[in-house]
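Starting from the known structure of chain A, fit chain B with the ligands onto it as the hints suggest.
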Amino acid sequence: MAWYVDRAARVLVFVGGISAIVFIIGIFVFITKEGLDFVLGPLSLGEFFTSIAWRPTSNNPTYGALALIVGTASVTGFAMLFSVPLSLGAALFIAEFATGKTRETLKILVEMLAAIPSVVWGFVGMSIMNPLIIQIFDVPLGLGVLNAGLILGLMAAPIMTTIAEDALKAVPDTYREAAEALGATRWEVIVKVVIPASRNGLLAAVLLGVGRGFGETMAVLMASGHAINLPTSVFDSVRALTATIASELGDTVTGGAHWGSLFTLGILLFVVTFLINLTADIVVRGIRKK
Amino acid sequence: MVEVAGETAVVNGVPGPAYDEPPIIEVRDLSIAYRGKPALSDVTLDIHRHEIFGIIGPANSGKTSFLRALNRMDAFNTAMEVSGSIRINGKNINDWRNEYALRSRIGVVFPLPVGLPLTVYENVAFSPRLRGIRKRAELDEVVERCLTRAALWDEVKDRLDSLGSLLSGGQQQRLTIARALSQEPELLLLDEFSIAVDPVTTMRIEDVLKELRSELTIVLVTNLVQQARRLADRTAFFLMGELVEIGATEDLFEGDVKDKRTTGYIEGRFG
Ligand SMILES: Nc1ncnc2c1ncn2[C@@H]1O[C@H](COP(=O)(O)OP(=O)(O)OP(=O)(O)O)[C@@H](O)[C@H]1O
Ligand SMILES: [Mg+2]
Chain A
9 MAWYVDRAAR VLVFVGGISA IVFIIGIFVF ITKEGLDFVL GPLSLGEFFT
59 SIAWRPTSNN PTYGALALIV GTASVTGFAM LFSVPLSLGA ALFIAEFATG
109 KTRETLKILV EMLAAIPSVV WGFVGMSIMN PLIIQIFDVP LGLGVLNAGL
159 ILGLMAAPIM TTIAEDALKA VPDTYREAAE ALGATRWEVI VKVVIPASRN
209 GLLAAVLLGV GRGFGETMAV LMASGHAINL PTSVFDSVRA LTATIASELG
259 DTVTGGAHWG SLFTLGILLF VVTFLINLTA DIVVRGIRKK
Chain B
98 MVEVAGETAV VNGVPGPAYD EPPIIEVRDL SIAYRGKPAL SDVTLDIHRH
148 EIFGIIGPAN SGKTSFLRAL NRMDAFNTAM EVSGSIRING KNINDWRNEY
198 ALRSRIGVVF PLPVGLPLTV YENVAFSPRL RGIRKRAELD EVVERCLTRA
248 ALWDEVKDRL DSLGSLLSGG QQQRLTIARA LSQEPELLLL DEFSIAVDPV
298 TTMRIEDVLK ELRSELTIVL VTNLVQQARR LADRTAFFLM GELVEIGATE
348 DLFEGDVKDK RTTGYIEGRF G
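Chains A and B, in that order, give the protein sequences. Numbered per this note's numbering, the first sequence spans residues 9 to 298. Numbered per this note's numbering, the second sequence spans residues 98 to 368.
Wrong hints could be hidden among the right ones.
Using 30 Å as the maximum straight-line C-alpha spacing, the simulated BS3-like pairs for lysine-lysine come out as follows [what the hints assert, rightly or not]:
1. B:K355 / B:K307
2. A:K109 / B:K134
3. B:K357 / A:K177
4. B:K134 / B:K355
5. A:K177 / A:K109
6. A:K200 / A:K115
7. B:K232 / A:K200
8. B:K254 / A:K200
9. B:K232 / B:K254
10. B:K307 / B:K134
11. A:K177 / A:K200
12. A:K200 / A:K109
Facing chain B, a subset of chain A residues (Cβ under 7 Å, in silico) [what the hints assert, rightly or not]:
13. A178
14. T182
15. A186
16. A189
17. L190
18. A192
19. T193
20. V201
Since the hints were derived computationally from the structure, they do not count as laboratory data. For clarity, every value in this text was computed on a predicted model and none was experimentally measured. Glycine included, C-beta positions come from ideal geometry on N, C-alpha and C.
Next up, chain A with everything else stripped away, as it sits in the complex:
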């Protein structure tokens, strides 16, 4: 009786696993194919990576993506700057200090935070943060690196907190007991035993957070000001790679150079995200080995 249930389950799991791989490869092939004509044709790598002139619709089009790359990098970087300490702190508190109801409530809150759709975050950026930033810092516009970074950081925090907390919880209690039996205080136990033991998991959490911020589109589009610009201060507007694709793709001629250039941005995003996730994965695998 049981054997064919087992067989069926295996087949199902196999098909599931295979189809995930097929989809990823399929997406990559599709993006590459669409971008290929452009990459082999009008693209100049020098211009792409060093010029900030992104004018795909001009009569004399130029495709400098530097401002977009810097835009994405600055927003993500700023987001991580405050989100990483915040998330790791929250994870430490939930895993090591909070007990009972507090702990459950916090976990639910973090999960709820993760469930907020990105367009809502974008809305928060435009209609709450924007006037707030204008008022507090006395600047003409509140849409820029600061706004988008804060929003992105808040969006990436739940996933980082959840994964970091899992990593901390995976440290066996016997370690904590053994260290406390040696006379270590709670802090000494955390700093000298728990964090070193969960180092890889914490790193993976950070990398996944970076990936989350990097790939986010809607909220950045709304909160960043969407202006092509190399930022010199956190109040400057910038434009992100993702947001550029989302806002321009609808206006392009299918198969044209502009279309192809957007897919090239897509390839860039895909490769970088893939690398980030791969690093996270290798790091996580490192934990299991130990």
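Positioned in the frame of chain A, the structure of chain B with the ligands alone reads:
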């Protein structure tokens, strides 16, 4: 062979328990419960300096709970309620300003070796570092001395920088003993230390314990009654949360008991 009460006995050239001095541990009416469910009731006993004090008893008799109360490990466990009093060196352990200072003076060895996720060296250097020892030479000295005393130095001196968890089970248990010794404890608590250790290593550790007795006081919880006989000066028999019997180990093993259940357990008729 062992003189209980009266002057200090000398066993095999090593000074024996100091029965004429005030006890190092005085336990009075100690009761322990977990969420209201009693695990140990009304235990009163004294443990003397330089004594190996054995505790035997079947599973769930409260042996581990007793040890945990001694170094206030109940602080880990909100479900654990301790009443009565425990004095160490005449001072109630609840009067310590913080339990960390108390714990740092009590070495603990758990049933299964718990190597911290650190190298062999760092496992042993952990407690000295907590005490503020920073100089490498000083740490080297402590690490070598403790590993030697735990009969492990020769086996690990070439792999001090590999992870403690890569050692064999018996080596890991000796590592935790070395780590406990690095605390320079007055008191060493051992909880069924030989549960995951082969007989040869067990004998080596037993020899180490016999030597250590001249420097410190050992409370040895064991599930092997013969181990208590080999090591303990006095032995207490716990049964289902009750202290049934306490006396000189030889007396108990020779049938000189107040309660017949003790002999029954020693002879393996139950438990
Ligand atoms: N953390 C805990 N939470 C709840 N109950 C516990 C806990 N630890 C021990 N107990 C209970 O207390 C009683 C005594 O347990 P204890 O561990 O002290 O026994 P033991 O003599 O050490 O047994 P063993 O020989 O199996 O190690 C048992 O009934 C046990 O179920
Ligand atoms: Mg026990």
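Status of each hint after checking the structure:
1. With a C-alpha separation of about 28 Å, the suggested pairing of B:K355 with B:K307 holds against the 30 Å cut-off.
2. Simply put, A:K109 and B:K134 have alpha-carbon atoms about 23 Å apart, close enough for the 30 Å limit, and the pair holds.
3. Using a Cα cut-off of 30 Å, the hinted pair B:K357 and A:K177 is violated, with the two alpha carbons roughly 47 Å apart.
4. Only pairs whose Cα atoms come within 30 Å are accepted, and B:K134 paired with B:K355 is accepted, the gap being roughly 28 Å.
5. Proximity of A:K177 to A:K109 is assessed by CA-CA distance (about 17 Å); at most 30 Å being required, the pair is judged to hold.
6. Between A:K200 and A:K115 the CA atoms are separated by roughly 25 Å; this keeps the pair inside 30 Å, and the hint holds.
7. Of the pairs offered as hints, the one joining B:K232 and A:K200 holds, with about 18 Å between alpha carbons and a cut-off of 30 Å not exceeded.
8. Simply put, B:K254 and A:K200 have alpha-carbon atoms about 24 Å apart, close enough for the 30 Å limit, and the pair holds.
9. A threshold of 30 Å between alpha carbons decides the hint, and for B:K232 with B:K254 the separation of about 19 Å falls inside it, so the pair holds.
10. Pair hint B:K307 plus B:K134 does not hold up; C-alpha atoms about 37 Å apart against a cutoff of 30 Å.
11. With a C-alpha separation of about 16 Å, the suggested pair A:K177 and A:K200 falls inside the 30 Å cut-off, and the hint holds.
12. For the suggested pair A:K200 and A:K109, the alpha carbons sit about 28 Å apart, so the restraint of at most 30 Å is met.
13. Interface hint at A:A178: violated, since its Cβ lies 11 Å from the closest Cβ of chain B, which is beyond the 7 Å cut-off.
14. The interface hint given for A:T182 is met, as the beta carbon of that residue sits about 5 Å from the closest beta carbon of chain B, less than 7 Å.
15. For A:A186, the suggested interface contact is upheld, since its CB lies about 4 Å from the closest CB of chain B, less than 7 Å.
16. The beta carbon of A:A189 is positioned within 7 Å of a beta carbon in chain B (closest approach about 4 Å), and the interface hint is therefore held.
17. Interface restraint check for A:L190: the shortest CB-CB distance to chain B comes to about 5 Å, inside 7 Å, so the restraint holds.
18. The criterion of a C-beta within 7 Å of any C-beta in chain B is met by A:A192, whose closest approach is roughly 6 Å, and the hint holds.
19. Proximity of A:T193 to chain B holds as hinted, the smallest CB-CB distance being about 5 Å (cut-off 7 Å).
20. With a cut of 7 Å, the hint placing A:V201 at the interface with chain B holds, because the nearest CB-to-CB distance is about 6 Å.
Figure legend: structure checked against the earlier numbered hints; hints not met, in rising order: 3, 10 and 13.
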